[in-house]
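Q: Knowing the structure of chain L, use the given hints to seat chain C on it.
Sequence lines, in order, name chains L and C. The first sequence runs 1 to 120 under the working numbering. The second sequence runs 1 to 314 under the working numbering.
Among the hints, erroneous ones may be present.
[What the hints assert, rightly or not] Looking from chain C toward chain L, a few residues come up when the C-beta cut is under 8 Å (computed):
{"no.": "1", "residue": "Gly71"}
{"no.": "2", "residue": "Ser81"}
{"no.": "3", "residue": "Leu97"}
{"no.": "4", "residue": "Ala99"}
{"no.": "5", "residue": "Glu107"}
{"no.": "6", "residue": "Ala110"}
{"no.": "7", "residue": "His152"}
{"no.": "8", "residue": "Val216"}
{"no.": "9", "residue": "Arg221"}
{"no.": "10", "residue": "Glu226"}
{"no.": "11", "residue": "Ser230"}
{"no.": "12", "residue": "Ile255"}
{"no.": "13", "residue": "Gly284"}
[What the hints assert, rightly or not] A few chain L residues that face chain C, going by a derived Cβ cut-off under 7 Å, partial list only:
{"no.": "14", "residue": "Gly28"}
{"no.": "15", "residue": "Ala32"}
{"no.": "16", "residue": "Val35"}
{"no.": "17", "residue": "Val48"}
{"no.": "18", "residue": "Gln62"}
{"no.": "19", "residue": "Ala77"}
{"no.": "20", "residue": "Leu86"}
{"no.": "21", "residue": "Ala87"}
{"no.": "22", "residue": "Ser98"}
Hints are computed from structural coordinates only; laboratory data are not their basis. Heads up, the beta-carbon is just placed ideally off N, CA and C, and yes, glycines get one too.
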Amino acid sequence: MKSVWTRTICRLLVALMIWTPFQIAQAGMIGADQVATASSAAADRGAVLSYLNRGEVASQLQSLGIDPSTAQQRVAALSDQEVQSLAQRIQAMPAGASDAGAILLLLVVVGVVWWFFFRK
Amino acid sequence: MVLLPQVAAFGARNARLAAGVFFCALLAALQGCAGIAPQTAALLEGMPAGLPERVELTAVPFFPQAEYQCGPAALATLLVSSGVKTTPEALVPQVYLPARKGSLQVEMLAAARRHGLVSYQLAPSFVDVMRELAAGTPVVVLQNLGISEGWHYAVAVGYDWKLGQMILRSGVTEREEMPFAVHEAVWKRSGYWAMVAVPPDRKPATADASRWPAAVAAFERAAIGEANASHARGDFAAAERTLRAAMRAAPDSVIVQNNLAQTLADQGRDAEALPLAERAVAAGGPHAAATRETRDAILKKMGRSVPGTDLKKN
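Next comes chain L alone, as it looks inside the complex (with noise of 0.2 Å):
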């Protein structure tokens, strides 16, 4: 049974070892991760749980079959709630693909159609 700590350190060994080596800034550059900081222990918290909320996401991304490097170019372009929204519930998205469906619901409904102007 895993406790909160091991959890959470699990947590920022996946962000530190996946996330951590895209985020060294330059000098004299500022971090994208200081966009809209307030000095605030609110503030603080919610960098740090985006920071380990987008090394989760990366690592999600890489077991769903998307290479480092590319994993790391897209869940830098999310925002901190859609990172939140993603973590853990990367499964159970919608994931848009075909209009394959289509001819079933088109069947369906043509079915439906028939059926009640003939019974009629």
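A: Frame of chain L; chain C shown alone:
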């Protein structure tokens, strides 16, 4: 399509609208039209004020989708409409998830930012989609065309209120006409998810004062991250391009000003860099120390005295 005699007597001009009404009435008999397509029911009463009866954005390009890749195709449609040079193939590595055989909504929003456009999720409103179309902006909508899994991105490019139909680029169909009720029924299943992507100095017609700032901030954050990555690679020209786009969307962003100043200085363009660096310093705030460092470094490079370190004025 088979029509009842009463409907046929409606007249040619209203035939399609009548068919749409008939279809809606049919659904109503089965489940309750208000449940299936509530916003369409409201539309049938009359066109919202200020909107034309018919809009079609014929200039919007068409990219027939490859299997499972309606995401890249729909996104390419949006980006190219706003002047970005790209193709569905180029977008596959940015939005497509092989293991899910599709593209996630938030990644569609994110990928648009990487091409210098501000992406914005519309309110869950049929009328808002029409407003965006009337303003000349194509809209990507997420539909569910199957029983449980059938998620599909299509691009709304127009509507015809008299005929009661939406016009979409969808799959391999350049011009798909969908009755309002059917469109709403398949679109409702995604929670009426719709997005637009606009150039950084523009604002969507339906931009909501409570949600638009967050969309701009998300664009700003993505641009800064990408520019930092370019800068770290030594690609200063790319970093500059990205940051200038960010400046257009968020002209008061201290981080953008600072980072653009640094990027210009790194290209030897100190004279251009200095005013930006000064502007960043003048703004104060949480980044005051970092911006002062940037400004002072530029001054040193130019052989000018740094404020607070030299008794003699330059």
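Q: A separate judgement is required for each hint: does it hold in the structure or not?
A: Status of the hints after comparison with the structure:
With a cut of 8 Å, the hint placing Gly71 (chain C) at the interface with chain L holds, because the nearest CB-to-CB distance is about 5 Å. At a threshold of 8 Å, the smallest CB-CB gap from Ser81 (chain C) to chain L is about 18 Å, leaving the interface hint violated. With a cut of 8 Å, the hint placing Leu97 (chain C) at the interface with chain L holds, because the nearest CB-to-CB distance is about 5 Å. Using the Cβ-Cβ criterion of 8 Å, the hint placing Ala99 (chain C) at the interface with chain L is satisfied: the shortest such distance is roughly 4 Å.
Look at Glu107 (chain C): its Cβ gets to within about 6 Å of chain L, closer than 8 Å, so that hint holds up. A distance limit of 8 Å between C-beta atoms decides the matter here; for Ala110 (chain C) the minimum to chain L is near 4 Å, and the interface restraint holds. With its C-beta approaching chain L no nearer than about 5 Å, His152 (chain C) sits inside the 8 Å limit, and its interface hint holds. Interface hint at Val216 (chain C): violated, since its Cβ lies 10 Å from the closest Cβ of chain L, which is beyond the 8 Å cut-off.
A hinted interface residue such as Arg221 (chain C) counts as satisfied when its beta carbon comes closer than 8 Å to some beta carbon of chain L; here the least separation is about 4 Å, so the hint holds. With 8 Å as the threshold, the beta carbon of Glu226 (chain C) comes within range of chain L, its nearest partner Cβ sitting at about 7 Å, so the hint holds. Interface hint status for Ser230 (chain C): violated, as the beta-carbon distance to the closest one in chain L is roughly 10 Å, over 8 Å. Given hint, Ile255 (chain C) at the interface with chain L, holds; its Cβ is 5 Å from that chain's nearest Cβ, closer than 8 Å.
Interface restraint check for Gly284 (chain C): the shortest CB-CB distance to chain L comes to about 13 Å, outside 8 Å, so the restraint is violated. Residue-level restraint check for Gly28 (chain L) holds (minimum Cβ-Cβ distance to chain C is 4 Å; threshold 7 Å). Given hint, Ala32 (chain L) at the interface with chain C, holds; its Cβ is 4 Å from that chain's nearest Cβ, closer than 7 Å. Given hint, Val35 (chain L) at the interface with chain C, holds; its Cβ is 4 Å from that chain's nearest Cβ, closer than 7 Å.
Restraint check, Val48 (chain L) versus chain C: the minimum CB separation of about 16 Å is more than 7 Å; hint violated. For Gln62 (chain L), the interface hint is violated, the least distance from its beta-carbon to any beta-carbon of chain C being 10 Å, above 7 Å. At a threshold of 7 Å, the smallest CB-CB gap from Ala77 (chain L) to chain C is about 4 Å, leaving the interface hint in force. Residue-level restraint check for Leu86 (chain L) holds (minimum Cβ-Cβ distance to chain C is 6 Å; threshold 7 Å).
For Ala87 (chain L), the interface hint is violated, since its Cβ never comes within 7 Å of a Cβ in chain C; the closest pair sits about 11 Å apart. Nearest Cβ of chain C to the Cβ of Ser98 (chain L): about 5 Å, under the 7 Å cut. The hint holds.
The structure fails to meet hints 2, 8, 11, 13, 17, 18 and 21 from the earlier list, while all remaining hints are met.
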